[in-house]
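Produce the entire structure from the sequences given, and follow the hints as far as they go.
Sequences listed follow chains F and L, in order. This note's numbering numbers the first residue of the first sequence as 653 and each following residue consecutively. This note's numbering numbers the first residue of the second sequence as 93 and each following residue consecutively.
It is possible that some hints are incorrect.
Keeping only pairs whose Cα atoms sit at most 35 Å apart, straight-line, the calculated DSBU-like set for lysine-lysine is [to be verified]: (1) F:811 x L:261; (2) L:266 x F:725; (3) L:266 x F:740; (4) L:135 x F:811.
Hints listed in this document are in silico derivations from the structure and should not be mistaken for laboratory results.
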Amino acid sequence: MVEITDLTKKELKKLRIDDLTHLFMDTINEQTQKLIDGIEYLTKEDFENFTKNLNHVIETKTELDIKKTFEAKIFKSKLMFSKADRLKVFDKINDIKDIGEFLAHKMLLYKVVFPDEEFKLKLELILKSLRQITMNLVEAVKTIGTDLERAHEICEYIKEERRKMRIEEWDLLERLWNYDMDYLSRTFLYLKELIEGIKMLANHIKKFAEYIQFLATKYFYFK
Amino acid sequence: MAFEYELAAILVVVLIVLAIGLAFSIGANDETCAPLAAAGTLKFKFVLIIGGAAIAFGTIFLSEGVASLVGQKILGSGIRYTVFMLLAVLISAIIWLIIGSFAGIPLSSTHSLIGSIFGVVIVYAIFSGGVNLGMAFNWEKLGGVILSWFLSPLFGLLGTYLLYKIIDKLYLSKKKGLNEIERSEKNFAWALLFAIIFAEIWVGANSAEALGILYALYSNGYLTIVGYYFFVVICALIAFLGLFIAGRYVIRNLASQLTDARPSDGFIIQLASAIILMFCTVVFSVPISHSHVIVFCIIGMNLAKKKEVDYGKLGKMFIFWILTFPVAAILAGLIYFGFISFGMI
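Structure representation (structure tokens):
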């Protein structure tokens, strides 16, 4: 796998559109994993690592060079009919970064103490699913170029996992609303925002998976 | 006598000008190049030059069979064209095409022309020529032309369907990923270039409207053989200019809607339609409607891909297609009857 840290702008220019997309996906995914790790540290009340990880998500800008190179390349490329779709895939990867950064900023506003262990356990379960669907998404994006049928299958797993995840999220929200807690308290608002932030990210991944399935249907004739 | 001779000479000039105008409209309304422009293989200017040159080539070198059928062989032994008959034919065909344009229906100029010829000849036979209707036409040829109008779209549909199924089975379905599909489509874009050149040549060769009128003038002694070929070359150049100057808007507009279209689809459709045009031109020398063939080729492609076909829209088109022949015939007949009423036979 090509690491962004190893590449200069000149070397980036030599990469193909597909390689740049994969590299961009890896870079964004690395930041998403850091975000998930960060929230896991929060459940362990390890605020130092939590802050470090979330700051990493906010401060890392290495993907910008890839984005600029990709945009310049696709504009001039001789790709005929998949140009717009490839641009959209790239844009959807970029949205993961935007959502992750937004969530990281929000999470850093306050250092929460969880109401009980059960809440933490349920949250970790949701994070585990989130980690799984993000990893699956990376595989799906990398398979678009070589095997659309496989990409379609992976996206089906993502959607299935998202369905399970959603049930857990509602359970957790219900639990939150049932605590004997002031609804305007910072803890309540923070935890509500945390669940909704994770939801937003997971929903985007699900929509992305559906878009990949749309591409598979558009370009590949299933037998 | 001198006045009649002068009038005939003026009308011959008018007919040549109208024929040249028709040649321009053939180029201006030709959208065959649109898939090639959409594929982006070549610069737009080169697409127009290649398309125009192919039409011109077909017009100059391969059109005589169809032109002679429209300009002479379709008539029976008892009939010869007069300048007034040809004028009525052109006026009627143009009026009906203009009506079609306002209605937003792509009408066939070939059907309009043959329909107009039919109307004019029938009126001539009944009202002024005293010709037996059985002798007015070469019914075998006319029947062949009309039959080809029904058969050519059907063969276009069937040909496209089969061609797609074969290419899909042997090649397209084996492409699994977007990169592979994109690569294969790139190859098809080059194949599309040759399919379109091939198609444009036969569009030029089968476009009977302008050359049929010129051949009629030649076969009735209004033009010499040198004059005929001179105007054929002029018509070819004008068709080229029609495509280059006016056709660019039609092509660009259609191409902008086809950016998502696969060059392989375009290749199959154009190849199937070109083969049909070639057969009709070379083997049977009958003028057919390229747009009708293309529409049915697209339907064939949709059926092969199990895509929806808008039968409502198709039905509306079909009614206009069926109406074209009788309406053009009645219109031309009325115009020519008007001429006869003023002694202009």
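**Report entry** Ascending list of hint numbers which this structure does not respect
**Finding:** Violated: hint 4 alone.
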